[in-house]
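As you go down the protein sequences, you meet chains A and R in turn. Okay, so the first sequence: first residue is 9 according to our numbering, each after it adds one. Okay, so the second sequence: first residue is 3 according to our numbering, each after it adds one.
It should be emphasised that the hints constitute simulated quantities derived from the structure, not laboratory data. Keep in mind the model is a prediction, meaning the values are calculated, not measured. Glycine included, every Cβ here is placed at the ideal spot set by N, Cα and C. Some clues are possibly wrong.
[Stated by the list, open to error] Simulated restraints, written as ranges between beta carbons of each label pair:
no., chain 1, residue 1, chain 2, residue 2, range
1, A, Ala210, R, Lys129, 48 to 54 angstroms
2, R, Lys129, A, Gln170, 33 to 39 angstroms
3, A, Gln226, R, Lys191, 18 to 24 angstroms
4, R, Ile99, A, Pro159, 53 to 59 angstroms
5, R, Glu156, A, Ala210, 28 to 34 angstroms
6, A, Leu206, R, Glu156, 46 to 52 angstroms
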Amino acid sequence: MTLSDILYKILIQGGSYWTILKGLGATVQISLFSLLFGTILGAFVCMLRMSKITIFRFCATVYIVILRGSPVLMLLMLMYYGIFARSSLEANTIAIITFSLNVAAHVAELLRASINATDYGQIEAARTLGFGAFQAFRLVTLPQIITIAKPVYQSTVVNLIQWTSVVGYVSITDLTRVINNIASRTMQPMITIIIGMLIYLALAYIVHGLFALSDYIQARKEREAAA
Amino acid sequence: MKKFFAALLLTALFASSSFAAGHKVGMLAKLCMNAADFASNVKYQYFSLENLSAPEFKYYDSINAMQLALSAGEIDEIALPEVVSNYLMAADHDYLINCVVIMRSNPLAFAFGFKSDNEGLRDEFNKALAEIKRDGTLITLQAQFLTPKDSMMEIPAPVHFTKFDGARTIKAAITGDLPPIDFAAPDGKPDGFNVALLAEVARRLKFNVEILNIESGSRAAALSSGRADVVFWFEIYRGLATQPDVPDGVILSEPYYNFDTIYHLKLAR
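My request is simple: use the sequences and hints to build the entire structure.
Next up, the structure:
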């Protein structure tokens, strides 16, 4: 078989491209929802982690240590084949729960580091000038947290997309699983894996592009405000 | 300190060179879970003009992993059942037969696996399998799916599952990585000899099938957790009372496909 035959077999024959797109859809769906819920939960865990109450701080620390220190595949297997084995929850939902829990631990630490990097004196100054506690946070601390956290958050998003490649272990046909299935059927692992890698790379660059776009918009807004 | 590192380096070099010596054959972990069991249960005679010594086996999770190891030079040959070898050689003409192993003493077979407390379902499967063998359907399915193809450019025939309204649903876990026995068709649907056989069993026993496509590494977990009611393909040694490769808590159906020939394939350099 020539290279074009092989590529035809991998990408086109029998609507293979559609199966790849469906796999990509599963990967994007799990990543997006996990990111959304993980970020919200992460902010909550961060709040507990920075709380003045010892028990809250302790619980949040334990959560972060366990979730950040254990492989997400093990957690996923434990959730799907253990904790939720008898439940009627779909595999996709269990995967989103698992990845949200994992991302939350990373986001919590990332937010804490960002908050610690801001100057508390600024809050005190804002409060002295008559800002309320929430107002001071929203107008003074939050913009700085976002600027500091953004680059790390971007790599968390890309990491999350890559972590989702293990969902094949819990019966979800994501992009990696589709690529593996095609490699098995065509018996052309090298070319198929390279194609899979290129798709993941494209996803990472889309994420990169979105963050760059938001940076650009923010910079333009700042320029307009200054003018 | 320098001497210590020099000694360490020498030891590492010696270790890697001693590992590199000998003839290495890649084998699917499923084909035989561990070397000790394999050696004690199978008289594996290695016929090759090039190499008369017993090969060293290395185990892989998937055929793709073995293929990559072979092209990287990590192993010299890969061992696969005859039908799978034929499929691989038709898909990629760079693969050649280096030797043929006929397992006379303990031939191999495929069987369905069930959780040990699910004897009822196992017995139903056995009954259906016996019928399928008796009326010649098994031979037809073998001819349809396992006959070597001339061209790999044709799209494999799809497998249809009959729907039974109000009937129970049996969950079956498949891996999709052993063509032409078990694979995913271009449209993502499960296909192959095993899947067709499962569809036939389901049609006769009048149940619906929900297919779980999972990594081979999580098949045992799928069965023990109750996520799957039936798992295929379990490779067994025909004629052995205790099966070395079958995990605890798993019971097997009667074998439905027997094979005694394994090809060792190498890459044309």
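A quick look at each hint next to the structure:
1. A:Ala210 / R:Lys129: 48 to 54 angstroms: holds (51 angstroms)
2. R:Lys129 / A:Gln170: 33 to 39 angstroms: violated (47 angstroms)
3. A:Gln226 / R:Lys191: 18 to 24 angstroms: Taking Cβ atoms as reference, Gln226 (chain A) and Lys191 (chain R) lie about 46 angstroms apart, which means the hint is violated.
4. R:Ile99 / A:Pro159: 53 to 59 angstroms: Between Ile99 (chain R) and Pro159 (chain A), where Cβ atoms are some 54 angstroms apart, the hint holds.
5. R:Glu156 / A:Ala210: 28 to 34 angstroms: holds (31 angstroms)
6. A:Leu206 / R:Glu156: 46 to 52 angstroms: Given range 46 to 52 angstroms: violated, Cβ gap about 27 angstroms.
The structure fails hints 2, 3 and 6 (numbered hints given earlier, in ascending order).
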